[in-house]
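Colleague: Sequence:
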Amino acid sequence: MATDTLKSDTGASGAGASGAASGLRRVLLDNGALTALIVLVIAMSALSGDFLTTDNLLNVGVQAAVTAVLAFGVTFVIVSAGIDLSVGSVAALSATVLAWAATSEGVPVAIAVVLAVVTGIACGLVNGFLISYGKLPPFIATLAMLSVARGLSLVISQGSPIAFPESVSHLGDTLGGWLPVPVLVMVAMGLVTAFILARTYLGRSMYAIGGNEEAARLSGLRVKKQKLAIYALSGLFAAAAGIVLASRLSSAQPQAAQGYELDAIAAVVIGGASLAGGIGKASGTLIGALILAVLRNGLNLLSVSAFWQQVVIGVVIALAVLFDTVRRKSGATPVAAGTSGGGDRRKQAFTYLLAAVVAAAIVGATSLLHNGSSSASAQKVGLSLSTLNNPFFVQIRAGAQAEAKKLGVDLTVTDAQNDASQQANQLENFTSSGLGAIIVNPVDSDATGPAARSVNKSGIPLVAVDRSVNGAKTDTLVASDNTAGGVLAAKSLAEKLGGQGTIVVLQGQAGTSASRERGAGFTEGLKAYPGIKVVAKQPADWDRTKGLDVMTNLLQANPDINGVFAENDEMALGAIKALGSKAGKSVSVIGFDGTPDGLKAVADGSLYASVAQQPKELGKIAVRNALRVAEGKSVEKTVMVPVKVVTEENVAEFSG
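Everything in the sequence shown is counted per the working numbering, starting at 1 for the first residue and increasing by one.
Certain hints may be false.
Keeping only pairs whose Cα atoms sit at most 27 Å apart, straight-line, the calculated DSSO-like set for lysine-lysine is [stated by the list, open to error]:
1) 533 to 577
2) 644 to 537
3) 600 to 644
Have a look at the derived ranges for each label pair, beta carbon to beta carbon [stated by the list, open to error]:
4) 155 to 580: 44 to 52 Å
5) 520 to 104: 34 to 42 Å
6) 308 to 553: 34 to 42 Å
7) 140 to 499: 33 to 41 Å
FYI, nobody ran anything at the bench for these hints, they're computed from the structure.
The model shown is predicted, which means the values in this text are computed figures rather than measured ones.
All C-beta atoms in this analysis are idealised placements derived from N, C-alpha and C, irrespective of residue type, glycine included.
Please model the complete structure; the sequences and the hints are all you need to start from.
Modeller: Structure, rendered in structure tokens:
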């Protein structure tokens, strides 16, 4: 103590700048997540002149909203030393129930909203019951609910998106033409979370249970009933997040919010909560969600490869948590919400205010670096692909990049990972980047509509490739006819089988427009061949491994089939592996896309045929037309790239 006093006295004369610096350093060390957010904002502002704009910052808020609302609900669970892996699926199920009830069943919208909320709460109660009374570990109980809720969403929707009621879709709009409603919902739910944690008996119970469940029980807390309420709250917040997400997309997507539970958990942990329980607060969770949103937004603006983005996000998450761990070991122990006095709350408010002032000052300085440095927007083009986990779309990217290099175009490519909401985020990021043109390969034609309309409002030309965009204006569509290709596939397979036989169909990812169109065309084409019977249809999600597994299972029930139609080559190649020596001999398999691996299989005879779309040509033409519209030149409204059935007879002359 004497030493400390001496240091204090002798340093009194120099307590100006050095004291302020020491205080600021202490503030930053005591708020690890906040420090990480400030550093990220400063870095992104320095690296990209497009980051620090009003439109883009609002984009960040909108993109953080769904994750934040989910994470607020997960905060309750983690504070009580639990885990909830089901929130993404529960969000999708709640939104699907709302859309199905309001549109298909004619239920009044207000009642449909109540049903959606009740659905979320019911899922949470089931989780809580299995954990409290069934003695299941939270990981297992919520993992089971993840599967059940996703399955029910697909059953109710029949695997197809359902249009959202217009009155509820306004939750995805803006107030006054600039303030996004999702951001307001995020703030409101954050305030509710803070109030529950800090001001209610249930909130204090969460900290007690998370700190020491047995001690909480012995002190008189009804732990089992408290856990029911905690998981019910998580389900309620998941339902709210699902409604906001579906509102942004103007449709309930049965496959929406996949993987969002991991983002929600990451946001809570980055925000300072402990997975061991007893620690966590709403403000930290909000900061964690904003960190994830800033990362994704900034990496898009910086044209970082879609594959490297996942690496960077994982590394930053690990570093943020590591920093927080080091801070805790240094002696700065977080205070549980609801236990701090008025002085501590005033100190916390001052911390956030000081952080905002410091960040604003540094960001303002770095923004001067970008004044007048932007390049001509007409030569910058963005391409949002539905996925890069499929050779067909990799080929589109290859064709687009080759043409961009040839024409001197600065092309930025992003990967939506078959997530319509992630694609909406990417289009919003492109819009705020001042691009000359945007190319989109929609995850879903309907769900891409709202984000595409925002592109229309910005005046940036929009080109669709492979799939159309519904509900928005596109300057041109470069595509093959999926429905016509399905008809060709049916005709080729039926003729190969002589008009008689039994077949199975491997479908693409449920809810995607390509799967619907190819499947509808194939069904239509089979009407001319009544001797062909489809004995089974199962989705394999465009994936070769899933195609192998699904085909193996189908063969157990249908060992005597004569043919297989797979809605893409990847699933067809998986089916060939499952069929073994039967492929190309007793069983004829036909795929779709004309990928390099698919054409090799056609050449060796294991794959009978592939309906080829020439994906590289699609990418080339899309970039060519995007540049033309960016320069104000006219283009055809629709450019159809011919599809062709490639068999062993003509594969040698087909370029792919």
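Colleague: For every hint, state whether the structure bears it out.
Modeller: The hints, checked one at a time:
{"no.": "1", "hint": "533 to 577", "verdict": "holds (23 Å)"}
{"no.": "2", "hint": "644 to 537", "verdict": "holds (24 Å)"}
{"no.": "3", "hint": "600 to 644", "verdict": "holds (16 Å)"}
{"no.": "4", "hint": "155 to 580: 44 to 52 Å", "verdict": "violated (33 Å)"}
{"no.": "5", "hint": "520 to 104: 34 to 42 Å", "verdict": "violated (20 Å)"}
{"no.": "6", "hint": "308 to 553: 34 to 42 Å", "verdict": "holds (36 Å)"}
{"no.": "7", "hint": "140 to 499: 33 to 41 Å", "verdict": "violated (51 Å)"}
When the structure is compared with the earlier hints, violations turn up for hints 4, 5, 7 and for no others.
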